[in-house]
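A.B. asks: Sequence:
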Amino acid sequence: MKKHILSATLLLSLFACKKDKEEAAPASDSNNLLYVIEDNKFNFSYFNTALTVTNFGNTLTTQGPLTVLIPDNSAFQRAGYNSIDMVSQESGIVLQNMVQYHTLNGRWQLDKLPFRFNQQITTVAGTQLFVTHWVKDKDTIITINGTRVTAQNMPASNGLIQVINAVMQPLTQDKISDAVAADPSLTFFNAALQQADMKTLLRGDGPFTIFAPNNTAFKNAGFPSTDSIRNTDPAVLKSILQFHILNNRRFVYDYVLSTGQSNTSSQTMLNNSTTTVNLLYNGVDYTGITIQGAGNTSPCQLLKSNVLANNGVLHVIDKLLMENF
-14 MKKHILSATL LLSLFACKKD KEEAAPASDS NNLLYVIEDN KFNFSYFNTA LTVTNFGNTL
46 TTQGPLTVLI PDNSAFQRAG YNSIDMVSQE SGIVLQNMVQ YHTLNGRWQL DKLPFRFNQQ
106 ITTVAGTQLF VTHWVKDKDT IITINGTRVT AQNMPASNGL IQVINAVMQP LTQDKISDAV
166 AADPSLTFFN AALQQADMKT LLRGDGPFTI FAPNNTAFKN AGFPSTDSIR NTDPAVLKSI
226 LQFHILNNRR FVYDYVLSTG QSNTSSQTML NNSTTTVNLL YNGVDYTGIT IQGAGNTSPC
286 QLLKSNVLAN NGVLHVIDKL LMENF
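By the numbering used here, the letter at position 229 of the sequence shown is numbered 214, and the numbering carries on one by one without gaps.
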């Protein structure tokens, strides 16, 4: 009897081990995500190098399913990686954050999402991405954090690949207030937020979009130092700052998608005054935006764009927005 019980126990144990192994087994080697990426070296060799350096490629051979958002080689070059060697020499931590930020649990057919702006999804690292599915000039367009999806739903046995045209910067700041404080070109703007007692607002849920003038912009507007800002009436600063904040989340490409054939639109800022946004167009594609207040003699240029926090987006501009001449 004991012998039979032992045999039955052994069989159950072997069955359990076999089941665990089956559940943890890799996807088919002939068509898993890593195989597909390696098989498309002409487009994906830079991203594949990041997978190799971090060993994250092993994750892409598991059963998944996973969805990988792959910047093509041109996207890496535009991000400053002029060669594969530059990717391989990048910090391991930077690359690890990068590949995790470009990977989602599940099989995400982004073209099946509702037609809506900035729908929140979560990466394997637990950080947030925002997907827009919209129609522009009869073309259906998908963006992720304002980055165009250029090829959709490339299949693999354990998931999907979506190709994008930029390397997305992983979300590193929880609140947009933190993103401002972390940028050395925005120390004047940060001092103004402190003096106007607006830091608490920007630690709230939002979402907000900030067009933050850099330090040079404040100097050109008559604030030679951060001390001069701290000596300014908080009410005056609050009025200035509210004209630079939008009560919404807006990536640059959101303006492209929501603007009509005039290539110009207006938006109401936090102080209920309006700014004008102009699309930049090179005859082939939209390349960005400028923003202008009624009191600006020329548009403000974006020096940095689409810096993401959990409660909003930060853009850095080259001059203060002015309400009146």
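Take the hints with a grain of salt, since some may be wrong.
What the hints assert, rightly or not - EDC-like cross-link-like pairs, simulated, lysine to aspartate or glutamate; straight-line CA separation at most 16 angstroms:
| no. | residue 1 | residue 2 |
| --- | --- | --- |
| 1 | LYS289 | ASP303 |
| 2 | LYS123 | ASP270 |
| 3 | LYS121 | ASP270 |
| 4 | LYS204 | ASP303 |
| 5 | LYS204 | ASP163 |
| 6 | LYS223 | ASP190 |
| 7 | LYS121 | ASP96 |
| 8 | LYS289 | ASP182 |
| 9 | LYS26 | ASP70 |
| 10 | LYS184 | ASP168 |
| 11 | LYS160 | ASP190 |
| 12 | LYS223 | GLU308 |
| 13 | LYS123 | ASP96 |
| 14 | LYS97 | ASP70 |
Keep in mind that the hints were calculated from the coordinates and are not lab data.
All figures in this text were calculated on a predicted structure; none of them were measured in a lab.
A.B. asks: Given the hinted pair LYS184 and ASP168, is their Cα-Cα distance within 16 angstroms?
C.D. replies: At roughly 15 angstroms apart (the allowed maximum being 16 angstroms), ASP168 and LYS184 satisfy the hint.
A.B. asks: Going straight from one Cα to the other, do LYS123 and ASP270 come out at no more than 16 angstroms?
C.D. replies: With Cα atoms ~15 angstroms apart, LYS123 and ASP270 stay inside 16 angstroms; holds.
A.B. asks: Verify the proposed pairing of LYS26 with ASP70, using a straight-line Cα cut of 16 angstroms.
C.D. replies: holds (15 angstroms)
A.B. asks: Holds or violated: LYS289 and ASP182, Cα atoms, limit 16 angstroms.
C.D. replies: violated (25 angstroms)
A.B. asks: Are LYS289 and ASP303 close enough, with their CA atoms no more than 16 angstroms apart?
C.D. replies: holds (10 angstroms)
A.B. asks: Assess, step by step, whether the Cα of LYS121 is no farther than 16 angstroms from the Cα of ASP270, and give holds or violated.
C.D. replies: With Cα atoms ~12 angstroms apart, LYS121 and ASP270 stay inside 16 angstroms; holds.
A.B. asks: Going straight from one Cα to the other, do LYS223 and GLU308 come out at no more than 16 angstroms?
C.D. replies: Between LYS223 and GLU308 the Cα gap is close to 13 angstroms, so the pair holds against 16 angstroms.
A.B. asks: Below or equal to 16 angstroms on CA atoms is what counts here, so check LYS204 against ASP163.
C.D. replies: violated (23 angstroms)
A.B. asks: Assess, step by step, whether the Cα of LYS123 is no farther than 16 angstroms from the Cα of ASP96, and give holds or violated.
C.D. replies: Holds: LYS123 and ASP96 sit about 15 angstroms apart, inside 16 angstroms.
A.B. asks: Below or equal to 16 angstroms on CA atoms is what counts here, so check LYS223 against ASP190.
C.D. replies: Roughly 19 angstroms separates the two Cα atoms, so the pair is violated.
A.B. asks: Would the pair LYS121 and ASP96 pass a check requiring their Cα atoms to be no farther apart than 16 angstroms?
C.D. replies: holds (14 angstroms)
A.B. asks: Compare the distance between the alpha carbons of LYS97 and ASP70 with 16 angstroms, and conclude whether the hinted pair is satisfied.
C.D. replies: Since the Cα atoms of LYS97 and ASP70 sit roughly 37 angstroms apart, the hinted pair is violated (cutoff 16 angstroms).
Hint compliance for this structure: hints 5, 6, 8, 14 are broken, all remaining hints hold.
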